[in-house]
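Here the protein sequences come in this chain order: A and B. According to the working numbering, the stretch in the first sequence is residues 1 to 113, in order. According to the working numbering, the stretch in the second sequence is residues 1 to 233, in order.
Among the hints, erroneous ones may be present.
[Said to hold, decoys possible] If you only want the chain A side, here are some residues facing chain B, beta carbon under 8 Å, derived:
no.: 1; residue: 30
no.: 2; residue: 32
no.: 3; residue: 47
no.: 4; residue: 49
no.: 5; residue: 52
no.: 6; residue: 53
no.: 7; residue: 56
no.: 8; residue: 72
no.: 9; residue: 74
no.: 10; residue: 75
no.: 11; residue: 76
no.: 12; residue: 81
no.: 13; residue: 85
no.: 14; residue: 94
[To be verified] Quick list of in silico lysine to any residue cross-link-like pairs, SDA-like style, CA-CA up to 25 Å:
no.: 15; chain 1: A; residue 1: 78; chain 2: B; residue 2: 177
no.: 16; chain 1: A; residue 1: 34; chain 2: B; residue 2: 18
no.: 17; chain 1: A; residue 1: 37; chain 2: B; residue 2: 70
Calculated from the structure, these hints are not laboratory results. Every residue gets a Cβ at the ideal spot worked out from N, C-alpha and C, and that includes glycine.
What follows is the residue order along each chain.
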Amino acid sequence: MKKRVYKELVAASSRPMVLSILTGGESYGYEILKQVKLLSGGEVEWSDGMLYPVLHRLERDGMITGRWQLTEEGRRRKYYRLTDRGKGQLARDREGWMAVHGALQSSWGGGRA
Amino acid sequence: MFDLEKAVRRWRGSLERRSSLSPRELDELEDHLRARVNLELELNAALTPARAFAAAREELGEAATMSSEFAKAGKPRWRGLLVAGWALFGVSFLLPALSVPGNGLGLSRPVGLQPYYGYEVFRELLLADGELANLLAAMVPNLAMLLTLPSLLRARGGQGRWVLRTLAVVGAVTMAIGVLMPPMSVSVPGQPTFVQHPGIGFWAWSLSFVCAATAIWLRNRQWTSVGAERSTA
Chain A
1 MKKRVYKELV AASSRPMVLS ILTGGESYGY EILKQVKLLS GGEVEWSDGM LYPVLHRLER
61 DGMITGRWQL TEEGRRRKYY RLTDRGKGQL ARDREGWMAV HGALQSSWGG GRA
Chain B
1 MFDLEKAVRR WRGSLERRSS LSPRELDELE DHLRARVNLE LELNAALTPA RAFAAAREEL
61 GEAATMSSEF AKAGKPRWRG LLVAGWALFG VSFLLPALSV PGNGLGLSRP VGLQPYYGYE
121 VFRELLLADG ELANLLAAMV PNLAMLLTLP SLLRARGGQG RWVLRTLAVV GAVTMAIGVL
181 MPPMSVSVPG QPTFVQHPGI GFWAWSLSFV CAATAIWLRN RQWTSVGAER STA
């Protein structure tokens with residue numbers, strides 16, 4: 001069976017997805033991945049390998065910022081948090097996605113696809 | 001008997017050799033791999049550590065795929081800075097570095113305040129008769145800059161600390177000379193007195209070292225594992 005959320009949709013939604021998850025507070029790669037799965041009820045599947053390039057791109061663009069911290073087991077872990085620029089971007093992304101969602105909803109007759 | 005620590009080290013070593021990922025990126029992926037292995041073991045008590053490790057490794061993907069995905073994340077900031085440094089460095093040789101009277105550097109130019117381009121000053125310093133100080137002034141900064149060429153050409157690995165220090169010192173000293181040196185009055189018999197200032201070429205040249213030093217510093221941070229950084233701190 002073909003995936004409902006195919007890879008182009010996954011890629012397009014990756015930025016608002018990460019930014020939205022980080023509005024809940026600081027988090028690290030693996031935890032973010034688990035959140036994506038949880039929030040989408042398993043519909044949105046990110047491969048482990050694609051997450052970090054997304055995080056690094058967002059960090060490079062100043063949307064999120066990372067810091068290294070020691071875990072309880074004494075391992076080094078990089079935690080990310082949302083910046084003000086990221087918050088602004090998320091607000092714009094949200095407007096965009098809502099507009100697309102609204103347009104599709106209307107064209108499909110108020111939700112009856 | 002399966003040894004998870006050994007397996008993780010082998011995986012990391014192979015990724016180091018076969019990918020273009022920096023130690024910092026590998027640190028993060030290693031943390032991810034370990035978290036994944038732990039979760040697999042928690043979720044499925046019947047799973048052996050070897051199987052959990054194999055599953056986690058497969059999920060992360062192959063070295064080549066990961067390198068290309070990371071490359072898509074874009075050029076790091078230090079690269080733009082290093083390119084800017086090199087652009088300034090190159091251009092500085094074509095811009096006026098000083099304005100001196102025609103015979104000020106021993107050249108057979110007509111007397112008068114004239115711009116001396118960067119490449120002319122460099123040539124004069126190199127050809128100055130046996131003046132070691134002049135030779136060093138011409139060679140050391142430019143050689144330090146040339147040593148950043150491998151980084152510009154995307155070579156792997158960090159850059160020696162002494163390259164970074166030399167660039168930083170050269171940048172700071174030349175900037176300080178430009179700022180602190182009072183304008184020099186140059187008298188030429190039969191001519192009005194000239195006031196000599198460093199030219200735009202000099203400033204471009206100085207700034208190029210500051211840019212390159214900052215870029216190499218940022219690059220070395222990326223090429224240092226977080227643990228290694230802490231142990232040397």
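Going down the list of hints, with the structure as the test:
For the restraint placing residue 30 (chain A) at the interface with chain B, the shortest Cβ-Cβ distance is roughly 4 Å, inside the 8 Å limit, so the hint holds. Given hint, residue 32 (chain A) at the interface with chain B, is violated; its Cβ is 10 Å from that chain's nearest Cβ, farther than 8 Å. For the restraint placing residue 47 (chain A) at the interface with chain B, the shortest Cβ-Cβ distance is roughly 7 Å, inside the 8 Å limit, so the hint holds. With 8 Å as the threshold, the beta carbon of residue 49 (chain A) comes within range of chain B, its nearest partner Cβ sitting at about 4 Å, so the hint holds.
The closest approach between the C-beta of residue 52 (chain A) and any C-beta of chain B is roughly 6 Å, which is under the 8 Å cut-off, so the hint is satisfied. Restraint check, residue 53 (chain A) versus chain B: the minimum CB separation of about 4 Å is within 8 Å; hint holds. A least Cβ separation of about 4 Å between residue 56 (chain A) and chain B falls short of the 8 Å threshold, and the interface hint therefore holds. The beta carbon of residue 72 (chain A) is not positioned within 8 Å of any beta carbon in chain B (closest approach about 12 Å), and the interface hint is therefore violated.
Of the supplied interface hints, the one on residue 74 (chain A) is violated, with its beta-carbon coming no nearer than about 10 Å to a beta-carbon of chain B, more than 8 Å. Taking 8 Å as the C-beta cut-off, the interface hint given for residue 75 (chain A) holds, the closest approach to chain B being about 6 Å. Taking 8 Å as the C-beta cut-off, the interface hint given for residue 76 (chain A) holds, the closest approach to chain B being about 5 Å. The closest approach between the C-beta of residue 81 (chain A) and any C-beta of chain B is roughly 15 Å, which is over the 8 Å cut-off, so the hint fails.
For the restraint placing residue 85 (chain A) at the interface with chain B, the shortest Cβ-Cβ distance is roughly 15 Å, beyond the 8 Å limit, so the hint is violated. Given hint, residue 94 (chain A) at the interface with chain B, is violated; its Cβ is 23 Å from that chain's nearest Cβ, farther than 8 Å. Between residue 78 (chain A) and residue 177 (chain B) the CA atoms are separated by roughly 42 Å; this puts the pair beyond 25 Å, and the hint is violated. For the hint linking residue 34 (chain A) to residue 18 (chain B), the alpha-carbon distance of about 28 Å lies beyond 25 Å, and the restraint is violated.
Restraint check for residue 37 (chain A) and residue 70 (chain B): satisfied, since their Cα atoms lie roughly 22 Å apart, inside the 25 Å limit.
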